[in-house]
Structures are given as structure tokens and as C-alpha cells.
Amino acid sequence: MVFGSVDCCLGSFIVPFLDQAGFSIPPFDFRVDGVTAITCDTHKYGFGPKGLSVVMYRDKELRRYQYFVYPDWSGGAYASPTMAGSRPGATIAGTWATMQYMGQSGYLNSCRSIVTCAKTIEAAIRETIPELYVLGEPAASVVAFGSQNSTVNVLEVGDIMAAKGWDLNGLANPPAVHIACTRLTTKMTEQFIQDLKESVQEAKGKPPGKGTMVTLYGLGVSSPIGSTLVGRLATYFIDALTIA
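Just so you know, the sequence shown maps onto residues 62 to 305 in my numbering.
By construction, these hints were calculated from the structure, which means they are not laboratory data. Heads up, a few of these hints could be off.
[Stated by the list, open to error] Here are the simulated lysine to any residue pairs, SDA-like style, with alpha carbons at most 25 angstroms apart:
(1) Lys225 with Met249
(2) Lys121 with Thr156
(3) Lys105 with Lys258
(4) Lys105 with Ala241
(5) Lys105 with Phe84
(6) Lys225 with Glu251
(7) Lys258 with Leu196
(8) Lys105 with Gln252
(9) Lys111 with Trp227
(10) Lys105 with Leu196
(11) Lys265 with Asp300
(12) Lys180 with Pro236
(13) Lys111 with Ser174
(14) Lys248 with Thr303
(15) Lys121 with Ser66
(16) Lys225 with Glu263
(17) Lys258 with Asp300
(18) Lys111 with Gly150
(19) Lys265 with Ala295
(20) Lys180 with Ala223
(21) Lys180 with Thr97
(22) Lys105 with Ala138
(23) Lys180 with Thr250
(24) Lys121 with Ala138
(25) Lys258 with Thr177
(26) Lys105 with Val203
(27) Lys267 with Ala185
(28) Lys180 with Ser141
(29) Lys121 with Phe91
(30) Lys180 with Leu232
(31) Lys180 with Asp102
(32) Lys225 with Pro235
(33) Lys111 with Thr152
(34) Lys248 with Pro235
(35) Lys248 with Gly107
(36) Lys180 with Thr156
(37) Lys248 with Val203
(38) Lys248 with Pro269
(39) Lys121 with Pro77
(40) Lys121 with Phe84
When you get a sec, could you build the whole thing from the sequences and use the hints?
Structure below.
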């Protein structure tokens, strides 16, 4: 048997509500034969505190494979539903309270407004910013865009947007930038579109600057060992975080 796990960590509180919100999407969950597990992050669009994730199984027999049970331990019989023996109860309680507050209707309304925002941004890029193109067919809250104009470095566009206060993410292979729309973005959709248009014009024909996206992702494709260098930098960064 081949087990199929759906990584629904980012879209877990968006994708399940798309049909009800009026957006079409193919089945992705346990309605699909072969899907045996679904992962879900409650802190993203679920709005709970960070530090909690959920994995759901098609049946309890599959769930038992994640248990850790050690009946012969010298400290006594030990059993845990996860590899982590201790889990933060405050995070679980905070997530439960958030979900009770939001309710089914709250998450449905959140999905509708966020996806509408994403589709508005997608349409604006396709129809009014010819220097850019949208990657794929965004189904939910994330819109990724690249440059189809040789005079526009999309990572430079991302750095200019960062200077305007937007928190976007750089992508590689191909170079691109994406926005994950949130409830905050829904109130500033038109401002985002206007800032993006201005950033594209500012980046046009401009030599790459020294912003984070250009520096990091440019290094990654600068030579055959570029990705190795980026990996080494990431390792040093994590080392720095652990210095006492």
C-alpha cells in the first residue's frame, strides 16, 4: 500500500472552506482514495498561538504508528501519542479558545475575504503589470509572480516592496516573489497593487541593489556552488541564534 499524506499546513483553514465560500477546487482530503493523512497548522490561518500542529489519519490503525510505547522502561511503563513526551498545554488551550471564538462562520468569512484579496491581486498583475507574470493558477491565499521583462529583476522588486513595508518572500527556480494574503492584506489590497506597480517601474533597468532577496537568492544562482554557499550561510545563522 502506498500512503498519501496531504501537506495542508498553510492552507488548512482556507482550503476546506473554499467550496462554501464560492471558489472551485478539486477534492484534496479523505474523499480522495489514497489520502491517508493530512497535516494542519493551527497558528497560520487558524490564528492560534505558534507551536502547535495537527496530523489527522484516515483511521485509528494508522494513527497508532505514531505512538511511542515502552512498557519495559526502568522508570515504569511509558506511552506517548507523539515523539515529544511533553507538550505545551497553554498552546493547546490557546488554540482551542481561538477556534471557539472564530467558529465555522468566522473561518468561512476569513477564507472568503482573504481569497478574494488574492484573486484581486492576481488579476491586477495579469491585466495591468505586463512586466510580471503569475506562476501557475493560485487557488487560495498565495500569489507568486516572476518577471517576463529582461529589464526587471523580480527580486529587486521584492526588495523595493520591502522598503515600502511589505513582508514578501523570495523564491528560486524560477526567481520569483510571493505574497501570502492575510486578513491584514484584505484592508490594503489596492495599496499593495499600487506599490507593486511603482516598484516595478523603479526596478526597471536598475542594477541589482543590496537588498536581502537580491543578495541571498542571487548568490544561490551565481555559480555551481551558489546553493552550497547559501546553505552554509543558513547554518552560520542558526549557529548564531544558539550562542549563549
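Outcome of the hint check:
Annotation: proposed proximity of Lys225 to Met249 holds, straight-line Cα distance about 13 angstroms (limit 25 angstroms). For the hint linking Lys121 to Thr156, the alpha-carbon distance of about 23 angstroms falls within 25 angstroms, and the restraint holds. Simply put, Lys105 and Lys258 have alpha-carbon atoms about 28 angstroms apart, too far for the 25 angstroms limit, and the pair is violated. Distance restraint check for Lys105 and Ala241: the Cα-Cα separation of roughly 11 angstroms lies within the 25 angstroms cut-off, and the hinted pair is therefore satisfied.
With a C-alpha separation of about 20 angstroms, the suggested pair Lys105 and Phe84 falls inside the 25 angstroms cut-off, and the hint holds. Between the alpha carbons of Lys225 and Glu251 the distance comes to roughly 14 angstroms, so the proposed pair stays at or under 25 angstroms and holds. Taking the CA atoms of Lys258 and Leu196, the gap is about 17 angstroms. The hint holds against a cut of 25 angstroms. Distance restraint check for Lys105 and Gln252: the Cα-Cα separation of roughly 23 angstroms lies within the 25 angstroms cut-off, and the hinted pair is therefore satisfied.
Of the pairs offered as hints, the one joining Lys111 and Trp227 holds, with about 22 angstroms between alpha carbons and a cut-off of 25 angstroms not exceeded. Straight-line distance between C-alpha atoms of Lys105 and Leu196 comes to about 22 angstroms, which keeps the hinted pair within the 25 angstroms bound. Of the supplied pair hints, the one linking Lys265 and Asp300 is violated, its CA atoms being roughly 37 angstroms apart against a limit of 25 angstroms. Between Lys180 and Pro236, the direct Cα distance comes to roughly 21 angstroms. Compliance with the 25 angstroms bound is thereby established for this hinted pair.
A C-alpha spacing of about 23 angstroms is found between Lys111 and Ser174, which places the hinted pair at or below 25 angstroms, so the restraint holds. For the proposed pair Lys248 and Thr303, the alpha carbon gap of about 38 angstroms is over 25 angstroms, so the pair is violated. The straight-line distance between the Cα atoms of Lys121 and Ser66 is roughly 15 angstroms, inside the 25 angstroms bound, and the hint therefore holds. For the suggested pair Lys225 and Glu263, the alpha carbons sit about 12 angstroms apart, so the restraint of at most 25 angstroms is met.
Only pairs whose Cα atoms come within 25 angstroms are accepted, and Lys258 paired with Asp300 is rejected, the gap being roughly 38 angstroms. For a cut-off of 25 angstroms, the pair hint linking Lys111 to Gly150 stands: about 12 angstroms separates their Cα positions. For the suggested pair Lys265 and Ala295, the alpha carbons sit about 30 angstroms apart, so the restraint of at most 25 angstroms is broken. Only pairs whose Cα atoms come within 25 angstroms are accepted, and Lys180 paired with Ala223 is accepted, the gap being roughly 21 angstroms.
As the CA atoms of Lys180 and Thr97 are separated by approximately 31 angstroms, the hinted pair breaks the 25 angstroms bound. Among the hinted pairs, Lys105 with Ala138 is inconsistent with the structure: their alpha-carbon atoms are about 36 angstroms apart, more than 25 angstroms. Taken as a hint, the Lys180 and Thr250 pair is honoured in the structure, with Cα atoms around 10 angstroms apart against an allowance of 25 angstroms. With a CA separation close to 22 angstroms, the supplied pair Lys121 and Ala138 stays within the 25 angstroms bound.
Between the alpha carbons of Lys258 and Thr177 the distance comes to roughly 20 angstroms, so the proposed pair stays at or under 25 angstroms and holds. Under the criterion of a C-alpha separation no larger than 25 angstroms, the hint pairing Lys105 with Val203 is consistent with the structure, at around 13 angstroms. For the given pair, Lys267 sits about 23 angstroms from Ala185 by alpha-carbon distance, which is consistent with the 25 angstroms threshold. For a cut-off of 25 angstroms, the pair hint linking Lys180 to Ser141 is broken: about 43 angstroms separates their Cα positions.
Restraint check for Lys121 and Phe91: satisfied, since their Cα atoms lie roughly 14 angstroms apart, inside the 25 angstroms limit. At most 25 angstroms may separate the alpha-carbon atoms for a hinted pair to count; Lys180 and Leu232 meet this at roughly 20 angstroms. Distance hint between Lys180 and Asp102 is fulfilled; the C-alpha atoms sit about 23 angstroms from each other, no more than 25 angstroms. Distance check on the hinted pair: Lys225 and Pro235 sit about 24 angstroms apart at the alpha-carbon level, within 25 angstroms; holds.
Distance hint between Lys111 and Thr152 is fulfilled; the C-alpha atoms sit about 7 angstroms from each other, no more than 25 angstroms. Note on Lys248 and Pro235: the hinted pairing is violated, with a Cα-Cα distance of about 30 angstroms set against a maximum of 25 angstroms. At roughly 19 angstroms between alpha-carbon atoms, Lys248 and Gly107 fall within 25 angstroms of each other, so this suggested pair holds. Between Lys180 and Thr156, the direct Cα distance comes to roughly 29 angstroms. Violation of the 25 angstroms bound is thereby established for this hinted pair.
Note on Lys248 and Val203: the hinted pairing holds, with a Cα-Cα distance of about 16 angstroms set against a maximum of 25 angstroms. The straight-line distance between the Cα atoms of Lys248 and Pro269 is roughly 31 angstroms, outside the 25 angstroms bound, and the hint therefore fails. For the hint linking Lys121 to Pro77, the alpha-carbon distance of about 22 angstroms falls within 25 angstroms, and the restraint holds. Between the alpha carbons of Lys121 and Phe84 the distance comes to roughly 32 angstroms, so the proposed pair goes past 25 angstroms and is violated.
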